[in-house]
Structure formats: C-alpha cells, structure tokens
Amino acid sequence: MTQEDIQRIKNNPKYNELISKRSKFAWTLSIIMLVVYYTFIMTIAFSPETLGTKIGDGVITLGIPVGIAIIFISFILAGIYVKRANGEFDTLTQEIKDEFNDGKV
Amino acid sequence: MKKLLLLGLMFSITLFASGTIEGEIEKQPLNMSAIIMFLIFVGGTLVITYWAAKRTKTASDFYTAGGGITGFQNGMAIAGDYMSAASFLGISGLVYLAGYDGLIYSIGFLVGWPVILFLVSERLRNLGKYTFADVAAYRLKQAPIRTLAAFGSIATVILYLIAQMVGAGKLIQLLFGLPYELAVVLVGTLMILYVTFGGMLATTWVQIIKAILLLAGATFMALAVLAQFDFSFNDMFAKAIEVHDKGELIMAPGGLVGDPISAISLGIALMFGTAGLPHILMRFFTVSDAKEARKSVFYATGFIGYFYILTFIIGFGAIIMVLNNPEYLDVAKQLISGGSPILGGKNMAAIHLSHAVGGNFFLGFISAVAFATILAVVSGLTLAGASAISHDLYANVLHKGGEVDEAKEMRVSKIATVVLGIVAIFLGIAFEQQNIAFVVGLAFAIAASANFPVLFLSMFWSKLTTRGAVIGGSLGLATAILLVILGPIVWVDIFGFQDAIFPYKYPALFSVTVAFSSICFFSITDKSETAQKEIEAFEAQDIRSQTGIGAEGASSH
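Just so you know, the sequences run in chain order A and B.
Quick note on the working numbering: the first sequence kicks off at 1 and runs consecutively.
Quick note on the working numbering: the second sequence kicks off at 1 and runs consecutively.
So that you can see chain B by itself, here it is in the shape it has in the complex (with noise of 0.2 angstroms):
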C-alpha cells in the first residue's frame, strides 16, 4: 500500500512536472523565479559562508562566534532557529487539516520562551562556554555528565534533523520535480558546507536573513488573505468553516490532542523540551553577557510570537484558498485514495497558498524562504550535534579536557559535521513519509526528558549529584525512546502492528516524571565523598551563575 502511495505520488508529480500544454506554459515561468531566488539565496549564503570562514580560527569563533553577537541579532537567530520548516509548514499544515489544534501547537511552542528568560538564560550565559553540559557538568564529574548530555544532544538533533530533511525534500520534489532523494541529498551537503567552513557566524548570519525573509513572506501571505475578507476575521473564520468537511469544528479544540493524558503530555514536551535543545542552548553562548542573552530571548520571543499569529492566518487562508481548488488537487492521489488530497500532502498547504495569493512570483519567493529556512535550521542543528561530539565527547571524555588543541578539536568538530549530514541525509530518505510536526514532538520529548532535567536541577538543586544525573537522566532519555518506540507513530505507523503498547503519542508526561524523581532519589541517596564534594561545590557555582563573577569575558568582533 505504502509502495502504491509512493507510485501515485510521484506520478503526481510528474503529471505535475509536464502538466497539460497549458500547464505547462503557466509553470514554466514559476520554475525559473523559484530557481534564481534560490541560487540567488545559495549564492548569498556562501559569500557569508567565505566571510565567516576568514574570521573563523579559533575554536571559541567556530562553537559561539567569539561570543560577539548581539542580543538583538541572536533574538532574530534564535527565532530563526525556531521559525523551522517543521512549524512554518507542519503547523500552518496542520491549520488546514484541523483548524485550531494548529494553535495548540503554536502555544505549547512559544511559552517555554518566557519561562527560559526567568530562570535559566542568565545562568546559562554566566556558567556556560560551547554547549549546555559545559553548565550541566559544571560541578560534577565531567566524563559520564558530558556522555550523557551528548547522547541527549545527538537524539535531539537527528529528530529534528529528519523533520527538516523531509521538508526539504517534499518542498524541492514538489518545485522542481526533482526526485526526492536527490533533493535531501543537495540540503545536506550545502549544510555541510556552510558548518565546516563557516563556524557559528556563518551560521548565525543565515539564520538572521532566513527569519528576515521568513517573517516579510508570511506577513505578506497573511495580510493578502485578510484583505480578501476587507480585514475582517469573523468573514475569514465563516468562509473556512463553509468549505472545510470538518465545519464548524475547525474553530474549536478537535481530536488531535483527543484525552487529557495527551493534551498534559503535549505542553510538558513542548514547555520543557524547549529549554532542553541544544541547538537552542547553545545560541545563548553566542552573546556577550546576561544582558544580551535576556535581550535576545525577549526578541525572540516577539518574533517567534508574531510568527505563529501569522502561521494560523495562513492555515485558515489555505482552507480557503487552496482546498477544493483543483489547480492544487492531487488526482492521483485521489484515485487512490479518494478525499481531497493537495500536491505533496497537507504540509505544502503554505506554499500553494503563496502562489494562490501571490502567483508564480511569490510562490518562488515562499519556496526560496521555506528552503532557506529549512538550510539555516539544519546547519544550527548539525553545529549543536557536532559541538557535542567534538567538544564533550572528544576534548572532555576522551581526552579529559585541556590536553587537546584547539585545532584538533575544530577538526574532529569538522568531520562529525560530514558524518551528521550523512546520518541526516539517509533518515531524511528514511522517514519520506512521516508527518513532520509529530517527529519534531519527540525530538521535544527526549529534550525535555534527558536534557532539561539535568540542567535544570544542576543549576537550582545543590543536592544534585553526578549519579543522580546519570542514572535520572540516562532513564529519562531511555523512558522517552522506548515509549515513543511502544507507542502509535513507530510501532503502529512504522512497524505496521496493529495496536500500539502504550497508547499515547506523546510521552513527555511519563517520562519527564521518571527522569526528575529518579535524579532526585538517586541524588539523595549518595552518601559517597564525590557527592558530598559536589554539594558543596554549588555555593561557588551558585554566586557564579547569579553574578557573572568569574564568567568568561567575551571578545568582540
């Protein structure tokens, strides 16, 4: 059956590709604006890419920028970071299937921001250098603290990875009828090339033009699909509801967060798992001082705000735009198997409604953003992944820090960069057909379930020891795998079996749960003389961490 979805689908997009002689001439034209836009973007992006690399040399500039950055530059990143493909397409996507479960979504997303600027974002930025366990593992035993934030930090970053690399493709497949895989392939490798060479400023940079673009496209969209209705959003809201088969339940809670258990779940991964990416974490390394890292949390936290407002416009104008509209049916698909199936599935709901709205023109426009972001996420996430590899596992577990040189350390971050594109390139091919915003839910879940806990209690409990951490942390990262293992979206959607062993779709509920009481039993039950040192160590992290007294200055560029 899957192997039939696959045929149908890509006859579709030959069908779509070659089109009647009409069709033909009116996407020709598309094609060729969407293509310059995106050399024009490519081209841009390595310049920045040649700059970076010549201000690149030491490994502080290659992990942070040389911590120069602004707080107002790294807001834009940060929102750059999260303004994903995953939540620019799979939640404006999920608007147009369910209507205000796409909210929902946006919500759980956005109010971690808040919380991490209250409590942990001067911390971080006071105790921290290259990556979230340099403050997990301020105090304890660096060897088995950095391995496990490391392995959390690799989880992640691979999820998260494969949400953008199926994107990615879905996205270039559906433009240039590329085959798939050879889309995936071209993102990996331009990712690669703008990571190895260009360091965190390169990467920064993208990020800070990609959400420019980003946030000046959507507004558009947005505001063309509002003027249809002269502004006005009880007509917008009437229209959807009229041509959605859903109707009226579009506009209320539906059954994508169906029992409590999973609604609770939801906002625990999203909440928590925010503060628990490393990709994020590490942006905060990036800034001068605590008063940047607040600054950029509270531009972040309007842009990414401002963002979802116009994501949800978006979803109800593509209900109203793009269903039912035969131009973006996809026949095939709906011979197979019937409804009203749109080119590329539910997630290009965003990009046809740029050419709804904006033709040809805009549709290039949109897709080059939407490839740009999905560039710019994936060369912040691979830089995360990578740091962690060279950084905590080579120079801090395998040579127990300060014995390595720093240009042996950029280089092992080099190579884990190609080998991390690779990885992504192969699960990117891999999960071609899973929903992209579910995938970025369990990446959530093992960051609020391995990561977040460790850092969090590090940071605020002096009680916390090494064998808390690990054993807490480690069954936390274990609890997520396996639940997400057990539960629908692998075992009954991957593995075919027929009923899922746990039942929910998201186990952050659970496994947050297991991780933060098992970290504090573990904690307070060790008697041992390295606990009891640990302890005490938290005073003078603890002042540290409040003040900023001994923290790293940074150097400007």
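Okay, chain A solo, but in the shape it has when bound (with noise of 0.2 angstroms):
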C-alpha cells in the first residue's frame, strides 16, 4: 500500500465514519463485559458470601442465577455486535472498498 493509498483511503469519509463508529461500539461493548465480569470476580473475591445468600424459599443461592446470567449475557453481546458488524459495517466497508478500487476519493 503506498502512501498515497493510506491518503486516499483517509481522507474518505465513510473509512473514518466506519472507524468511530466500529471502535465506540466494540470498546463499549467490551467495557459492559469487563465490568460485568470483573465485578463477579471482585465479588469472589472480597465477599464470597453475598453469591452464597440462600435466594427465595429454597437452597439455590445468588451465585447460581449471577453465573448463568453472566453466560446469557456474553452470548447476547456477541450476537448484538454481529448484527452491527455484518450488516452496517460490512456495507460500509464493501463501500470503502468499491470506491478504493475504483479509484475514487
């Protein structure tokens, strides 16, 4: 790639609309499972006792329902970026591509 190619694809509008918007909803979503997990750890951690308080009439504790919800929670997270990535990124990208090629902006 020479350095006029970098210009050229820089200083297209839809590479640095495709660039923010991409890194503010990939590192926002990894934050919401740093946090989400980071905070379950911590938990262990520091207080093991609040995921062994008995929920409800039965046995079960806080912590089973905490884990398995941090499972559902990773699951729909990769699924809500997918969705983004492979639908809006991926047109704007095949955009930027198109326009690279054909030697445009």
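Any given hint could be a false lead.
[Said to hold, decoys possible] Cut-off 27 angstroms, straight-line C-alpha distance, at most; resulting in silico cross-link-like pairs (BS3-like, lysine-lysine):
#1 B:Lys-57 to A:Lys-10
#2 B:Lys-57 to B:Lys-129
#3 A:Lys-97 to A:Lys-24
#4 B:Lys-463 to A:Lys-24
#5 A:Lys-97 to A:Lys-21
#6 B:Lys-408 to B:Lys-54
#7 B:Lys-291 to A:Lys-24
#8 B:Lys-129 to A:Lys-97
#9 B:Lys-129 to A:Lys-10
#10 A:Lys-14 to B:Lys-408
#11 A:Lys-10 to B:Lys-533
#12 B:Lys-463 to A:Lys-21
#13 A:Lys-10 to B:Lys-291
[As the list claims (entries may be wrong)] Listed next, with one range per pair, are the computed distances between beta-carbon atoms:
#14 B:Ile-212 to A:Asp-57: 18 to 24 angstroms
#15 B:Gln-334 to A:Leu-34: 52 to 58 angstroms
#16 A:Ile-31 to B:Glu-181: 17 to 23 angstroms
#17 A:Asn-101 to B:Leu-223: 48 to 54 angstroms
#18 B:Pro-260 to A:Ile-80: 29 to 35 angstroms
Please keep in mind that the hints were generated in silico from the structure rather than gathered at the bench.
Think of the CB as a built atom: it goes at the ideal place given N, C-alpha and C, for glycine as much as any other residue.
Quick one: dock chain against chain with the hints and give me the complex.
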C-alpha cells in the first residue's frame, strides 16, 4: 500500500465514519463485558458470602442465577455485535473498498 | 507415598477389571460397547483423514484448510477445541469436588470470547495467514518476533497437551484396564496420523463431529439428572447439599479461589489467555473473511456457554449419583487415604455419572466421546505447535521467508508433528498425578502473558516496536514460567518443598502486568531508525486490519 493509497482511504469520510462508529461500539461492548466479569470476580474475592446468599425459600443461592446470567450476557453481547458488524459495518466497508478500487476519493 | 498411591491405583484398576463374579458379568458388555464405539469413531475419523489427505496439497490447505471453512463450521470447531477433556472432565470434576467453584472457572473460560469477537477477530482475519505470528510480525522484524511467538506457542501447546494426555490416559485406563502409559501412547499415535496426513481439514472435521457428539451426550446426561427431580433445580441442589461433606458450602464460592489476588489473577489468565491460545487463534485463518470470522465466534460462544451450563448440572448430578455410591468407590485408595475417593480420581466423575444415568451402553458412548474429544483437541494443538515450528521458525526465521518451497515447509511441519507427539506422550506419562484443570490454568497464564500482549499491542498500539515486543514479551513469558515453578503447584507438589516461594497458584496478574509495562517502556524508549519505520508502517497495517483491503482472498474447497 503506497502513501498515496493511505491518504486516499484516510480522506474518505466513510472510512472515518466506519472507524469511529465501530471502535466506539466494540469498546463499549467490551467494557460492559469486562465490568460484568470483574464485578463478579471482585465479589468472589472480597465478599464470597454475597454470592452464597440464599434467594427465595429454597436452597438456590444468588451465585447460581448470577453465574448463568453472565453466560447469557456473553452470548447476547456477541449476537448484538455480529448483527451490527455483519450489516451496517460490512456495508460501509464494502463501499470503502469499492470506491478505493474504482480509483475514486 | 506417591508410589504407594500409584500402586493402590493400579491395584484398584485390576480390581475393577476383574471384580467379583457378579461384577465380571456386569462389566464385560460395558467394555465391549465402549470398545465398539471407540473403534467406530477411530475408523470414521481415519476415513475423514484419508479424504482430507487427498485434498491437502498446498501449505494453505495444510495449515488452514484453504480458508474454505464456513462460519458455522468454524464456530463448531472452535467450540470443539475449547470443550476439551480438561473442560468436560476437569470442570465437571471440579463441580463434583467443590460445587460452585467449578462455575467460576467456566465463566472465566467463556467471557474472553465476546471480547475476542469485539476487538480482535476481524483484525486477525484481515492480517494473518497461517499463524498469529503473521499478525504480530506484520510490521515488525520477522525473525525476533516470530521466534518469541513460536516459543510462546510451543510452551502453551505443550502444557495444554499434558492436560489432554493425562485425561486420555486416565480415561482409557479406567475403561479398559489398560496401562496408563499404553493409553497415552495410543492417543499420541492416532493424533500424529490425523495431523500429518489430514492437516487442518481433517482436524477441523474431527473437531466438528466430536463437538456434536459431546453436546448431544452432555445434554442427555444433564436432562437425565434433572428428570429425577422433575426438572426442579432447587430439589437437585437440595439433594446435593444433603450428600456432599461440604454441605451448603458447595452453593457458594469456596476455597479454590480463596484470596483476592488469586481470584483476580485467575480471571486475567482465563480472559486474556483465551485470546493468546495459538490453536484457537489459528482457527480464524480457516474462514474466508472477517464476516465469517465474526460468525464463528458468535456460534462458538453459544455452544461453549451452553456446554458449561451442562457441565455444571453434570457435576451436581455426579455429587448426587456417584458420590457415596459403592459401585464407583475406589476401595483400595480408601484404605490408604480414607475419605470416599472414586475410581480414577475426581476427573472421572462425569464418566461414572454417564454409567449411573444411562447404564453400560451410555457409559460406552460417553467414554468414546471423551476419547474423541481428547483426540480432536490434541490434533488441533499439535497442528498449531507444528505450524509455529515450520511456518514461523523454519520458513520465516531460518530461511527468512520466501526462499523455502511449500513442499519443504510442509515436510518440516509433519516432522514437527511427530516430534511434538512423542514429547506429548512422555510428558503425559510424567504428569500423571497432576490435576488437569490446573495444568490448563498454567497454559493460560503463559498465553496471557507472552502471546496476548504482543499480539494485542501490535494491532492496537502504533508505537509498538520490535525491541519493546521482544523484551516485554520475553519478560512476560519468563515471569509466567518462573512464577509457576516457584508457586505451589510445581515447587511444593512436584519438587516436594515445604513452602512455595511465590504463594499464588495463578501468576497472570503479575506476569501480564510485567509484559504490558515492559513492552510499553522498551518501545517508547526505542529511538532507533527501524523503530521509526515500524511506527510509520502502522497506518497501512491499520487500514488493512480495519477494512481487509489487501488481505489475501481465500480459495473455496
């Protein structure tokens, strides 16, 4: 890739749009995942008895639904990202590629 | 003492194999159904290997199945790589032993996946060809970066292999009464056959088939356990609390991750480690483009998450149906060490449960599946290790890339496969008495401290230089290994010293910090001309990693 190619792509507003939108989206989701996970880990580290609290009348403790919920959250966040990336972001990427190959902007 | 235990274990296996007359009649058909299912699986996979071997002509075929795997197939295969014997047997065994702690492990193993998807999966696909070193060395100096990446890969692969081999040995030992060593040799030999002849295509399909079998088998087991309690989780947990010696403690985090440092360190190892496992990273190069790469992680996350929920139920099922069940009690071991040990150790809890819920036929099925799991995972691992040796060390370091013809590179890869297979066999025998879940933990620590920081910063940080990556990555690797050696697992359990010099089982918190900070320090202070060029080259790399412009198109198969 020549210096000129780099400039052409960087000058394309669509490229900047893609980068800023996607990176914001990806980092937001990553941070959500990290916060969820490390809140869980910190709870285990500093206050394990919280997760051992019984909920309802039975023997099930808070830790069980919380653990299962984290598994579901992981899957759902992955789904949210793939939906937007494979739609909106890929369309943008394709447009950038086409414009680059056609020699425009 | 260890010898005595070993003797006791062997004695108990002999007891198990011969048994009383009643036992003899009962156990015999079980062995046959297991053997038949083993043979069907091995036969089937050898047919696949033969089919794959005919299609594996170029280096690209060998390393990445020509890039023609779909997102769904790859998602299955990634899940297959991840749902290893250590996961299935180790985590269900951990739940069986300690209850809730097993779930903590599972969650740590899972949450790395979405983050890999958001931040690295498409960049990896857009930049890499065969190994993750292709990405890390994209704009840096090839020889030093690839050497470092290869060492990180090989160390991770070997540790992971140990875990799988130990699982395989114990499993076959339990089922057939075969000597442990023979079982390990058998697995090593089959794996060498799959990889050398069938390459990535055979490895992928072995992985997919095994993932389907494992998910089906585990689903049946979990449902069978729940059905006994009319699908009431509360009743199931209540029964488990009643029979387990730890009582209600199994429903809360326990001693396994006792202190805060260990908990955080384990979390870091599992999350960043996943993103640094060479056999997993390699899977991103088997799909055609970024879109398929993303889809594969999405499917993989779903399958893996579902699988971990199953192993949790299976572990509790084992507490209820295996613990205190005289049929699975290791009498000889009990005489020596007391308590109520089960035959083959706690990692066999899931296997015994399969017998308890589905009789001999289902025991045969699950054993065959567990065996298949090990074979598939060791194949993927060995392929990743062999690629690091042939593609990174041989072709790009020794021959500086370009001048090596593909046939020669593939031949080196196949030789490396055989050597790794033999090494795995020896280490599998040496590590017989170690807890396999912890060995995987160590592999993750190294992946998180050496492979991941270099790979991550090479894609995200423009100021990374060769000097920073090499010094920082090496320090991360060295710190991880050193702390593991000085830690309780090696220093106390293996070397037999009284107290560990480094008190924590999981070094990742320290070694990852060392890696990141020293990479940054040695990059920023690098004022050389080459460093300047490497920084300038980031822009072009970044455009390619973001858009795929310039990335190699994949051929279809």
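Hint check results:
Distance check on the hinted pair: B:Lys-57 and A:Lys-10 sit about 40 angstroms apart at the alpha-carbon level, beyond 27 angstroms; violated. Note on B:Lys-57 and B:Lys-129: the hinted pairing holds, with a Cα-Cα distance of about 17 angstroms set against a maximum of 27 angstroms. Our distance criterion of 27 angstroms between C-alpha atoms is met by A:Lys-97 and A:Lys-24, whose separation comes to about 21 angstroms. Pair hint B:Lys-463 plus A:Lys-24 holds up; C-alpha atoms about 21 angstroms apart against a cutoff of 27 angstroms.
Among the hinted pairs, A:Lys-97 with A:Lys-21 is consistent with the structure: their alpha-carbon atoms are about 17 angstroms apart, no more than 27 angstroms. Proximity of B:Lys-408 to B:Lys-54 is assessed by CA-CA distance (about 18 angstroms); at most 27 angstroms being required, the pair is judged to hold. Restraint check for B:Lys-291 and A:Lys-24: satisfied, since their Cα atoms lie roughly 19 angstroms apart, inside the 27 angstroms limit. Between B:Lys-129 and A:Lys-97 the alpha-carbon distance is near 20 angstroms, which keeps this suggested pair within the 27 angstroms criterion.
Restraint check: the Cα-Cα separation between B:Lys-129 and A:Lys-10 comes to about 25 angstroms, which is no more than 27 angstroms; the hinted pair holds. A threshold of 27 angstroms between alpha carbons decides the hint, and for A:Lys-14 with B:Lys-408 the separation of about 44 angstroms lies outside it, so the pair is violated. For the proposed pair A:Lys-10 and B:Lys-533, the alpha carbon gap of about 19 angstroms is at most 27 angstroms, so the pair holds. With a C-alpha separation of about 23 angstroms, the suggested pairing of B:Lys-463 with A:Lys-21 holds against the 27 angstroms cut-off.
Distance restraint check for A:Lys-10 and B:Lys-291: the Cα-Cα separation of roughly 22 angstroms lies within the 27 angstroms cut-off, and the hinted pair is therefore satisfied. The hint said 18 to 24 angstroms for the Cβ distance between B:Ile-212 and A:Asp-57, and at roughly 39 angstroms that hint is violated. With their beta carbons about 45 angstroms apart, B:Gln-334 and A:Leu-34 fall outside the hinted range of 52 to 58 angstroms. A beta carbon spacing of about 49 angstroms between A:Ile-31 and B:Glu-181 contradicts the range 17 to 23 angstroms that was offered as a hint.
The hint said 48 to 54 angstroms for the Cβ distance between A:Asn-101 and B:Leu-223, and at roughly 53 angstroms that hint holds. Range check, B:Pro-260 to A:Ile-80: about 32 angstroms between beta-carbon atoms, so the 29 to 35 angstroms window is met.
When the structure is compared with the earlier hints, violations turn up for hints 1, 10, 14, 15, 16 and for no others.
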